[in-house]
Amino acid sequence: MKFAVIVFPGSNCDSDMFFAIQDALKEEVAYVRYDETSLEGFDGVLLPGGFSYGDYLRSGAIACFAPIMEAVKQFAESGKPVLGVCNGFQMLLELGLLPGAMKRNDGLKFICRPVELVVENNETMFTAGYQKDEVISVPVAHGEGNYECDEQTLATLEEKNQVVFRYAQAINGSKADIAGITNERGNVLGMMPHPERAVESLLGSEDGLRLFQSIVRNWRESHVTTS
Amino acid sequence: MYKVKVYVTLRESVLDPQGGAVKRALHTMEYKEVEEVRIGKYMELTLKNTDDVEKRIDEMCSKLLANTVIEDYRYEIEEVVPS
Numbered sequence: 002m003k004f005a006v007i008v009f010p011g012s013n014c015d016s017d018m019f020f021a022i023q024d025a026l027k028e029e030v031a032y033v034r035y036d037e038t039s040l041e042g043f044d045g046v047l048l049p050g051g052f053s054y055g056d057y058l059r060s061g062a063i064a065c066f067a068p069i070m071e072a073v074k075q076f077a078e079s080g081k082p083v084l085g086v087c088n089g090f091q092m093l094l095e096l097g098l099l100p101g102a103m104k105r106n107d108g109l110k111f112i113c114r115p116v117e118l119v120v121e122n123n124e125t126m127f128t129a130g131y132q133k134d135e136v137i138s139v140p141v142a143h144g145e146g147n148y149e150c151d152e153q154t155l156a157t158l159e160e161k162n163q164v165v166f167r168y169a170q171a172i173n174g175s176k177a178d179i180a181g182i183t184n185e186r187g188n189v190l191g192m193m194p195h196p197e198r199a200v201e202s203l204l205g206s207e208d209g210l211r212l213f214q215s216i217v218r219n220w221r222e223s224h225v226t227t228s
Numbered sequence: 008m009y010k011v012k013v014y015v016t017l018r019e020s021v022l023d024p025q026g027g028a029v030k031r032a033l034h035t036m037e038y039k040e041v042e043e044v045r046i047g048k049y050m051e052l053t054l055k056n057t058d059d060v061e062k063r064i065d066e067m068c069s070k071l072l073a074n075t076v077i078e079d080y081r082y083e084i085e086e087v088v089p090s
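Sequence lines, in order, name chains A and B.
The numbering of the first sequence is my numbering, which starts it at 2 and goes up by one.
The numbering of the second sequence is my numbering, which starts it at 8 and goes up by one.
Among these hints, one or two may not hold up.
Within a straight-line C-alpha distance of at most 27 Å, the following computed DSSO-like cross-link-like pairs (lysine-lysine) qualify [to be verified]: (1) B:K30 <-> A:K176; (2) A:K74 <-> B:K62; (3) A:K81 <-> A:K27; (4) B:K10 <-> B:K62; (5) B:K12 <-> B:K48; (6) B:K12 <-> B:K62; (7) A:K133 <-> A:K110; (8) A:K176 <-> B:K62; (9) B:K70 <-> A:K81; (10) A:K110 <-> B:K39; (11) A:K110 <-> B:K10; (12) B:K48 <-> A:K176; (13) B:K30 <-> B:K70.
It is worth saying that the hints were derived from the structure and are not from the lab.
Everything numeric in this text was worked out from a predicted model, so none of it was measured.
Extracted from the complex, chain A is given alone in its bound form:
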């Protein structure tokens, strides 16, 4: 399986993502610049964390109009896996691939520490390797992770099991303690915590690795030709 890590001006978790795939997951991975226009040959797309375009205007807003984003939208629409982490999640919201928006954290502080997440839905291509309601430890590092949406959107998210990760304890004011959501089809996941920073015990946790392994397992299952 071959992953693309999209690199924007101001991305700073692109290398973490790259090495998580290469060294921990041991799958193929390549950087794709924001000014490229094709994702041909890739099986998964990773939008990394950071401060694309300096977070000017709003986090993730300007990245939406980078040349590569048309290809990212088409990739998502074709049903292939797209994972946005932190700033990548903010981009998916701004793109409209996921519902809602991010506000400044309630306490106005940049929060940078490991947090406990509850796996709310383990029936997605991203989370099949976890148990339902399993509590995992994954670091967060964000100033704007306070998820906001209207009540109707929240009701839809809950009803369709699109809330995949919740904070075990409220950390940033996020509505319904939402840490990660998918689109209705389940092939686009946005999450504020950084699974790519939790892929080996040396990093303090390897709970993030199963997320990537789940993607690969799902991809293998749908690409093995039955003979």
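For this one, chain A is given, so just place chain B on it according to the hints.
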């Protein structure tokens, strides 16, 4: 030419954590009369002469300058004759 002033604010229904912090600071400074502070953005755009200026400004606001999930916007367009 046009000078356009764009104001972007959080929607009324959305809590504003920054505004809350500023309000508390004002209260600490004994400005107890402050009931609410809402923080927004103000942008100035200068445009060449163009057709449909209002429609185009509205598009710019809804596509990029404001996130209409949580923000409202309004604008003032002023035609400027270069001297």
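Below or equal to 27 Å on CA atoms is what counts here, so check B:K12 against B:K62.
Satisfied, since the Cα-Cα distance of roughly 15 Å is no more than 27 Å.
Taken at face value, is the distance from the CA of A:K81 to the CA of B:K70 at most 27 Å?
holds, 26 Å
Run the distance test for B:K10 versus B:K62: straight-line Cα separation, threshold 27 Å.
Holds. B:K10 to B:K62 sits at ~15 Å (cutoff 27 Å).
Tell me if the straight-line CA distance from B:K12 to B:K48 falls inside 27 Å.
Holds: B:K12 and B:K48 sit about 10 Å apart, inside 27 Å.
Is the straight-line distance between the alpha-carbon of B:K30 and that of B:K70 27 Å or less?
Violated: B:K30 and B:K70 sit about 31 Å apart, past 27 Å.
Keeping to a limit of 27 Å between CA atoms, is the pair of A:K81 and A:K27 held or broken?
holds, 20 Å
Pairwise hint evaluation, A:K176 against B:K30, where the allowed Cα distance is 27 Å at most
holds, 22 Å
Can you confirm whether the C-alpha distance between B:K48 and A:K176 stays at or below 27 Å?
The hint holds at about 24 Å.
Would the hint linking A:K133 and A:K110 be met if the CA-CA limit is 27 Å?
Violated - the C-alpha atoms of A:K110 and A:K133 are around 31 Å apart, more than 27 Å.
Mind checking the alpha carbons of A:K110 and B:K10 for me, to see if they're no more than 27 Å apart?
violated, 36 Å
Below or equal to 27 Å on CA atoms is what counts here, so check A:K74 against B:K62.
holds, 26 Å
Take a quick look at whether A:K110 and B:K39 sit within 27 Å of each other, Cα to Cα.
holds, 25 Å
The structure does not agree with the numbered hints 7, 8, 11, 13 stated previously, though it agrees with the rest.
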